[in-house]
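Colleague: Sequence:
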Amino acid sequence: MRIGVLTSGGDAPGMNAAIRAVVRTALSYGDQVFGVYDGYKGLIEGKIQEFDRKDVSEILNRGGTILGTARLPEFAYPQVRELAVKQLKKHDIDSLICIGGDGTYTGALRLTEMGIKCIGIPGTIDNDIASSDFTIGFSTALNTACDAIDKLRDTSSSHQRCSIIEVMGRHCPDLALYSGICCGAEYIITSQTGLDKDQLLKDLKKNRLQGRRHAIVVISENLTDVYQLAKEVEEYSGYECRATILGYIQRGGTPTPEDRLLASRLGSYAIDLIHEDIFGVAVGIMKNSLTYTKLEDALNMTNNRDISLEKMLTKTQ
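Quick note: the sequence shown uses the numbering used here, first residue 305, plus one each step.
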């Protein structure tokens, strides 16, 4: 077979491990593998190169993606996707493996509807693909966030300060929820908990009056202006307050062993499915078992994984 592989959307640590697994597993079957540079944008531009074993050597522990990535909103238009189909046919590529998040899955679904055999691999630090318990990059991003929060706690305690820390995750609460629990945050605010500003201010003031030296508030992005919130907390509670947005530092870095292993398993599994003539699906891991879900279903699934964590949180805060 002639198999293409691309990475799209936001980069995530572990994508390189997935690329490596795709290439080497395909070669073990006797397939030819083609790397597509810069996601769907590179696909329509014909940035396609055949890969061999040495092309994916020494990338297992590298962050980012050697294939590069780009966002292409225009891929929503059929005439743009036709350009991608023409490039795939020009290179006689039988199937395409797409590594990324829900935007990548949407592109793969649309190509599947146009007759291209696609498989999606979940690569996003947000952990917002509900068809898999964990996505490639989440473990590394969580480790990065925890390391930063632990360091901020040290200085917060020294200065008797409240630290408000915004983590990524887009609309998914997992990064905030997991990092907040792991770092013992006094308050975790996500899209599911909502932000009750009045109650937060009252609680922080009460903590200050009780003599607690510091407070850590972890909050998901896109919920509020954390710098403005820090000003309000300082004016009301008596704590000196600082806001920190961790930002894109969470996207980079050497992937954790968990991400390397997950990426390797999913990349190899995707090739196995191709040889079983299974397409139009997204691979994932559920209860530590490899599984696959139709792309359309994967995009429509709801993430309910964190319910038990939220219940635990109410007992341990």
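FYI, nobody ran anything at the bench for these hints, they're computed from the structure. For each residue, glycine too, the CB sits at the ideal point set by N, CA and C. Careful, some of the hints might be misleading.
Derived CB-CB ranges, DEER-like [as the list claims (entries may be wrong)]: (1) D458 with E539: 40 to 46 Å; (2) M590 with E536: 30 to 36 Å; (3) K393 with D576: 23 to 29 Å; (4) E362 with G551: 26 to 32 Å.
Here are the simulated PhoX-like cross-link-like pairs (lysine-lysine), alpha carbons at most 25 Å apart as the crow flies [said to hold, decoys possible]: (5) K509 with K455; (6) K351 with K394; (7) K394 with K421; (8) K421 with K535; (9) K393 with K421; (10) K390 with K358; (11) K509 with K535; (12) K535 with K455; (13) K351 with K455; (14) K598 with K393.
Colleague: Would the hint linking K535 and K455 be met if the CA-CA limit is 25 Å?
Modeller: Within the cut-off at roughly 21 Å; holds.
Colleague: Is the Cα-Cα distance between K421 and K535 25 Å or less?
Modeller: 53 Å, violated
Colleague: For the pair supplied as a hint, K351 and K455, confirm whether the alpha-carbon distance does not exceed 25 Å.
Modeller: 42 Å, violated
Colleague: With a cut-off of 25 Å on the C-alpha distance, tell me whether K351 and K394 pass.
Modeller: 12 Å, holds
Colleague: Are the Cα positions of K394 and K421 separated by 25 Å at most?
Modeller: Within the cut-off at roughly 15 Å; holds.
Colleague: If I claimed the Cβ atoms of K393 and D576 lie 23 to 29 Å apart, would that claim hold in this structure?
Modeller: This hint holds: roughly 25 Å between Cβ atoms.
Colleague: Do the Cβ positions of E362 and G551 conform to the proposed distance bound of 26 to 32 Å?
Modeller: 28 Å, holds
Colleague: Can you confirm whether the C-alpha distance between K393 and K421 stays at or below 25 Å?
Modeller: Satisfied, since the Cα-Cα distance of roughly 12 Å is no more than 25 Å.
Colleague: Taken at face value, is the distance from the CA of K358 to the CA of K390 at most 25 Å?
Modeller: 28 Å, violated
Colleague: Is K509 within 25 Å of K535, Cα to Cα?
Modeller: 14 Å, holds
Colleague: Taken at face value, is the distance from the CA of K455 to the CA of K509 at most 25 Å?
Modeller: 23 Å, holds
Colleague: If I claimed the Cβ atoms of D458 and E539 lie 40 to 46 Å apart, would that claim hold in this structure?
Modeller: Hint violated: Cβ distance 25 Å, outside 40 to 46 Å.
When the structure is compared with the earlier hints, violations turn up for hints 1, 2, 8, 10, 13 and for no others.
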